[in-house]
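K.L.:
Sequence:
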Amino acid sequence: MIALVDCNNFYASCERVFRPNLENKPIVVLSNNDGCIIARSNEAKEIGIKMGEPAFKAKKKIEENDIRVFSSNYALYGDMSNRVMKILSSESSKIEIYSIDEAFLDFSNIASCKQKALFIREKVKKWTGIPTSVGIAKTKVLAKIANSIAKKYCKNGIFLLDGINLINRALKYFPVQDLWGIGTRLTKFLNSQGIYTAYELSKCNELWIKKNLSILGLKLVKELNGISCFPLENQISPRKNIRTSRSFSSGITKFEDLKESISCFASNCASKLRDQKSYTKKISVFIRTNPFKLNSKHYIGLKSLDLPTATNDTLEIVKYALKSLKSIYRENYIYKKGGVILHHILPDSNLQLSIFDSINREKRKSLMSVYDSINNKMGRDTVRLSVQGQNRKWRMKQEKLSPCYTTRMSEILNVKI
DNA sequence: TCTGGGGTCCTAGGACCC
DNA sequence: TCTGGGGTCCTAGGACCC
286 MIALVDCNNF YASCERVFRP NLENKPIVVL SNNDGCIIAR SNEAKEIGIK MGEPAFKAKK
346 KIEENDIRVF SSNYALYGDM SNRVMKILSS ESSKIEIYSI DEAFLDFSNI ASCKQKALFI
406 REKVKKWTGI PTSVGIAKTK VLAKIANSIA KKYCKNGIFL LDGINLINRA LKYFPVQDLW
466 GIGTRLTKFL NSQGIYTAYE LSKCNELWIK KNLSILGLKL VKELNGISCF PLENQISPRK
526 NIRTSRSFSS GITKFEDLKE SISCFASNCA SKLRDQKSYT KKISVFIRTN PFKLNSKHYI
586 GLKSLDLPTA TNDTLEIVKY ALKSLKSIYR ENYIYKKGGV ILHHILPDSN LQLSIFDSIN
646 REKRKSLMSV YDSINNKMGR DTVRLSVQGQ NRKWRMKQEK LSPCYTTRMS EILNVKI
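In my numbering, the protein residues as written are 286 to 702.
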């Protein structure tokens, strides 16, 4: 058996842990730049706030219902996630951390799955303050369904989906568009073929599924029928792409300002790359105007560079990123977003040096290791390149940011007695 | 005024090889 | 008269996920 533990309304719950007075009150969390609503408490969902809705469109509902609004605080959510995952890891020898707020746990050889799930749920709640739901079933896809049932209908927050009759009943009621792996396009297609429930999909001909929904669709159908096709991935595999991109709070026109932001993004990518002990051989940079502005000129610039030698050196990655930027920058546009992407990522065991290489890589490696250790200890960007700049005109809008209660000494919670 | 960020995997089609 | 067959590898674009 596999258990899927999923934190309820995770970002909203993280904010609420440190504001117990907001218990039972509607709250929402906004995306970067305070743009869209990306998390809602149950109360906010009941009011009809939609996932992904732009904040300015929901303004009236927010004011009328006195909904509390937070900018996203990833330092807080990341740290809370680590705490939750640490507890889950202590309860199962095999665990796959699937996202910031959910994990699959191996529940084979457990005498009572329900009891175990209840125990885990209570422990996470007591130790972190985060409420969770647990779905238990034979395959990941069924566990996802079980979890969704647990969230909606089970007071104790857990649901064991087992036995052919119970599974069939659940699949008959489960809409096909809510299945893991079925998005809007496939929903439209399946509906056009008269398929509306998970049960109807599970009864489809496998050849037909493979032809129309690809190999992933076929695996999904098998999983619905209790045949495991998505095994529990115990190890964290290194990223195959690394990206840092941001919308700018106000539009940027000057090359100098773009240069600053792209340098910061590139430097951030380089740090992430070194964190996972990899190297990159391909760097892309993009800049774009605001697609929602209908009355102004639009432009998207994208440039990829293949590097002669794989690297994870900040200086080198920034240098290539700026070279790309120069080739795509056009005057007289208002840029709203930019980013850096590293592809073609290699582990350090696969490195091949170029005979024309002019960089002393041993020396640079030492430099980067000092650079990282200072920044890890003293905070991000304590040491940085001067090209990354000071004024950061493009900085994110975060008007409703909560304190970093768990990661910054100066912002730790005060209790008055 | 105002619309996020970071991933994965699959497939078709082109380039290239013998 | 008139030009095969079978591969591999890479990439862009699409779909999906949280």
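Heads up, a few of these hints could be off.
[Unchecked claim] Distance ranges between label pairs, derived from CB positions:
#, residue 1, residue 2, range
1, 367, 344, 40 to 50 Å
2, 539, 639, 27 to 37 Å
3, 437, 367, 19 to 29 Å
4, 699, 351, 23 to 33 Å
5, 407, 667, 33 to 43 Å
6, 636, 604, 11 to 21 Å
[Said to hold, decoys possible] Below, computed lysine-lysine pairings styled on DSS-like, alpha-carbon distance capped at 30 Å:
#, residue 1, residue 2
7, 567, 539
8, 685, 701
9, 408, 423
10, 566, 662
11, 411, 371
12, 335, 346
13, 496, 437
14, 346, 437
15, 371, 662
16, 525, 496
17, 310, 411
18, 588, 604
Keep in mind that the hints were calculated from the coordinates and are not lab data. All residues carry an ideal CB built from backbone N, CA and C; glycine is no exception.
K.L.:
If I claimed the Cβ atoms of residue 539 and residue 639 lie 27 to 37 Å apart, would that claim hold in this structure?
P.N.:
holds, 35 Å
K.L.:
Does the alpha-carbon distance linking residue 408 and residue 423 stay inside the 30 Å limit?
P.N.:
Holds. Residue 408 to residue 423 sits at ~24 Å (cutoff 30 Å).
K.L.:
Straight-line Cα separation of residue 685 and residue 701 no greater than 30 Å?
P.N.:
holds, 23 Å
K.L.:
Given the hinted pair residue 567 and residue 539, is their alpha-carbon gap at most 30 Å?
P.N.:
Holds, at roughly 26 Å.
K.L.:
Decide if the proposed pair is consistent with the structure: residue 525 and residue 496, CA atoms, cutoff 30 Å inclusive.
P.N.:
Status holds; Cα separation ~28 Å.
K.L.:
Would you mind confirming whether the straight-line C-alpha gap from residue 588 to residue 604 stays at or under 30 Å?
P.N.:
With Cα atoms ~14 Å apart, residue 588 and residue 604 stay inside 30 Å; holds.
K.L.:
Honestly, do residue 636 and residue 604 meet the 11 to 21 Å range at C-beta?
P.N.:
holds, 19 Å
K.L.:
For residue 371 and residue 662, compute the direct alpha-carbon distance and say whether it is at most 30 Å.
P.N.:
Roughly 22 Å separates the two Cα atoms, so the pair holds.
K.L.:
That 40 to 50 Å hint for residue 367 and residue 344 (C-beta), does it hold up?
P.N.:
34 Å Cβ-Cβ, so the 40 to 50 Å window is violated.
K.L.:
Does the Cβ pair residue 699, residue 351 satisfy 23 to 33 Å?
P.N.:
Distance hint for residue 699, residue 351 holds at roughly 25 Å.
K.L.:
Would the hint linking residue 566 and residue 662 be met if the CA-CA limit is 30 Å?
P.N.:
holds, 29 Å
K.L.:
Could you grab the alpha-carbon distance between residue 411 and residue 371 and see if it respects the 30 Å cut-off?
P.N.:
OK: residue 411 and residue 371 at ~14 Å, within 30 Å.
When each numbered hint is compared with the structure, violations occur for hints 1, 13.
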